[in-house]
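Trainee: Just so you know, we're using our numbering here: the sequence shown kicks off at 1 and counts up by one.
Among the hints, a few may not be true.
To be verified - Restraint-style ranges between C-beta atoms, simulated for each label pair: (1) Leu41 - Asp81: 26 to 36 Å; (2) Ser39 - Gly80: 10 to 20 Å; (3) Leu82 - Ser36: 28 to 38 Å; (4) Asp81 - Ser36: 30 to 40 Å; (5) Phe65 - Asp42: 26 to 36 Å; (6) Gly52 - Asp81: 25 to 35 Å; (7) Ala38 - Asp81: 27 to 37 Å; (8) Leu82 - Ser39: 28 to 38 Å; (9) Gln64 - Cys84: 27 to 37 Å; (10) Leu106 - Leu41: 11 to 21 Å; (11) Cys84 - Val58: 18 to 28 Å.
Derived from the structure by calculation, the hints contain no laboratory data.
This one's a predicted model, so the numbers in the text were calculated from it and none came from an experiment.
Positions of the beta carbon are idealized from the N, C-alpha and C atoms, including for glycine.
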Amino acid sequence: MLFEKVRGYFSVILTGRKGWAAMSWAGPEDIFLSTSLASYLDKKLLVLLRDGRKLLGVLRSFDQFANVVLEGACERVIVGDLYCDIPLGLYVIRGENVVLIGELVLMSLLMLI
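Taking the hints into account, I'd like the entire structure generated from these sequences.
Mentor: Now the structure itself:
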(Lines of atoms letter the chains of each structure in order from A and count residues from 1; the text may use other names and numbers.)
(Lines give C-alpha, C1' and ligand atoms only; values in the text may rest on other atoms or scores of the structure.)
Protein backbone atom coordinates (compact mmCIF):
# COMPACT_ATOMS: atom_id res chain seq x y z
CA MET A 1 0.00 0.00 0.00
CA LEU A 2 1.09 3.54 -0.61
CA PHE A 3 -0.38 6.45 1.31
CA GLU A 4 -0.79 9.50 -0.85
CA LYS A 5 -1.95 12.91 0.30
CA VAL A 6 -4.91 14.25 -1.62
CA ARG A 7 -6.47 17.62 -0.67
CA GLY A 8 -5.47 17.39 2.98
CA TYR A 9 -6.37 13.72 3.35
CA PHE A 10 -4.35 10.54 3.01
CA SER A 11 -5.53 8.10 0.38
CA VAL A 12 -4.35 4.50 0.17
CA ILE A 13 -3.02 3.08 -3.08
CA LEU A 14 -2.38 -0.66 -3.37
CA THR A 15 1.03 -1.41 -4.84
CA GLY A 16 1.79 -4.98 -5.85
CA ARG A 17 2.27 -8.04 -3.65
CA LYS A 18 4.76 -6.66 -1.16
CA GLY A 19 2.30 -4.08 0.12
CA TRP A 20 4.94 -1.61 1.32
CA ALA A 21 3.76 1.65 2.79
CA ALA A 22 5.18 5.15 2.63
CA MET A 23 3.98 8.63 3.50
CA SER A 24 4.72 11.84 1.73
CA TRP A 25 4.36 15.32 3.16
CA ALA A 26 3.35 18.18 0.91
CA GLY A 27 4.65 21.18 2.84
CA PRO A 28 4.42 23.45 5.88
CA GLU A 29 0.66 22.96 6.23
CA ASP A 30 1.41 19.34 7.16
CA ILE A 31 3.34 20.25 10.29
CA PHE A 32 1.71 18.73 13.35
CA LEU A 33 -0.32 20.99 15.62
CA SER A 34 2.11 20.42 18.51
CA THR A 35 4.77 22.45 16.66
CA SER A 36 2.81 25.53 17.60
CA LEU A 37 4.06 24.82 21.13
CA ALA A 38 7.43 26.15 19.95
CA SER A 39 6.17 29.68 20.57
CA TYR A 40 5.61 28.73 24.24
CA LEU A 41 9.15 27.46 24.91
CA ASP A 42 10.70 29.05 28.02
CA LYS A 43 7.38 30.66 29.01
CA LYS A 44 5.23 30.00 32.06
CA LEU A 45 2.21 27.87 31.14
CA LEU A 46 -0.96 26.48 32.61
CA VAL A 47 -1.62 22.86 31.62
CA LEU A 48 -5.07 21.41 32.25
CA LEU A 49 -5.12 17.61 32.43
CA ARG A 50 -7.92 15.12 31.70
CA ASP A 51 -8.31 14.28 35.39
CA GLY A 52 -8.96 17.95 36.19
CA ARG A 53 -5.55 18.79 37.64
CA LYS A 54 -4.04 22.17 36.80
CA LEU A 55 -0.25 22.32 36.48
CA LEU A 56 1.87 25.47 36.22
CA GLY A 57 5.45 25.55 35.02
CA VAL A 58 7.95 26.71 32.42
CA LEU A 59 7.83 24.74 29.15
CA ARG A 60 11.28 23.30 28.47
CA SER A 61 10.55 20.64 25.85
CA PHE A 62 7.79 18.97 23.81
CA ASP A 63 7.41 16.46 21.00
CA GLN A 64 5.03 15.67 18.13
CA PHE A 65 2.67 13.85 20.51
CA ALA A 66 2.31 16.94 22.73
CA ASN A 67 4.28 15.27 25.52
CA VAL A 68 5.66 18.20 27.50
CA VAL A 69 8.35 18.83 30.10
CA LEU A 70 7.65 21.53 32.69
CA GLU A 71 10.43 22.96 34.85
CA GLY A 72 9.56 24.33 38.28
CA ALA A 73 6.14 22.75 37.98
CA CYS A 74 3.49 22.99 40.66
CA GLU A 75 -0.05 21.70 40.94
CA ARG A 76 -2.63 24.39 41.66
CA VAL A 77 -5.49 23.24 43.88
CA ILE A 78 -8.47 25.62 43.92
CA VAL A 79 -11.17 25.52 46.59
CA GLY A 80 -13.73 28.30 46.40
CA ASP A 81 -11.89 31.62 46.22
CA LEU A 82 -8.68 30.16 47.67
CA TYR A 83 -5.87 28.26 46.00
CA CYS A 84 -2.67 26.47 46.97
CA ASP A 85 0.35 25.55 44.85
CA ILE A 86 1.98 22.17 45.53
CA PRO A 87 5.59 22.15 44.22
CA LEU A 88 6.43 19.23 41.89
CA GLY A 89 9.79 20.24 40.36
CA LEU A 90 10.66 18.90 36.90
CA TYR A 91 7.54 17.23 35.51
CA VAL A 92 6.93 15.17 32.35
CA ILE A 93 3.34 15.05 31.07
CA ARG A 94 2.11 12.51 28.55
CA GLY A 95 0.38 14.23 25.62
CA GLU A 96 -2.78 12.11 25.72
CA ASN A 97 -3.56 13.53 29.17
CA VAL A 98 -3.35 17.17 28.06
CA VAL A 99 -6.66 18.98 27.54
CA LEU A 100 -5.43 22.57 27.33
CA ILE A 101 -2.14 24.45 27.31
CA GLY A 102 -2.08 28.21 27.73
CA GLU A 103 0.44 30.91 28.53
CA LEU A 104 0.14 32.62 31.90
CA VAL A 105 0.21 36.40 31.77
CA LEU A 106 0.97 37.93 35.15
CA MET A 107 -1.31 40.72 36.36
CA SER A 108 1.71 42.94 37.05
CA LEU A 109 2.59 42.80 33.35
CA LEU A 110 -0.98 43.65 32.36
CA MET A 111 -0.90 46.77 34.53
CA LEU A 112 2.09 48.08 32.54
CA ILE A 113 0.10 48.03 29.29
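Trainee: Take the hints in turn and mark each one as holding or not.
Mentor: Hints and how they fare:
Leu41 and Asp81 have their C-beta atoms about 33 Å apart, which keeps the hinted 26 to 36 Å range intact. Against the hinted window of 10 to 20 Å, the Cβ-Cβ separation of Ser39 and Gly80 comes to about 34 Å, which falls outside the hint. Distance hint check: the CB atoms of Leu82 and Ser36 are about 33 Å apart, consistent with the given range 28 to 38 Å. At roughly 33 Å, the beta-carbon separation of Asp81 and Ser36 lies within the given 30 to 40 Å, and the hint holds.
Look at Phe65 against Asp42: about 20 Å separates their beta carbons, and that is not inside 26 to 36 Å. Restraint check, Gly52 to Asp81: a C-beta distance of roughly 18 Å breaks the suggested window 25 to 35 Å. Take Ala38 and Asp81: their Cβ atoms lie about 36 Å apart, and the range 27 to 37 Å holds. About 32 Å separates the C-beta atoms of Leu82 and Ser39, a value consistent with the hinted range of 28 to 38 Å.
Separated by about 34 Å at the C-beta atoms, Gln64 and Cys84 satisfy the suggested range of 27 to 37 Å. The beta-carbon spacing between Leu106 and Leu41, approximately 18 Å, falls within the hinted interval of 11 to 21 Å. The supplied range of 18 to 28 Å is met by Cys84 and Val58, whose beta-carbon atoms lie about 20 Å from each other.
Hint violations for this structure: numbers 2, 5, 6, all remaining hints satisfied.
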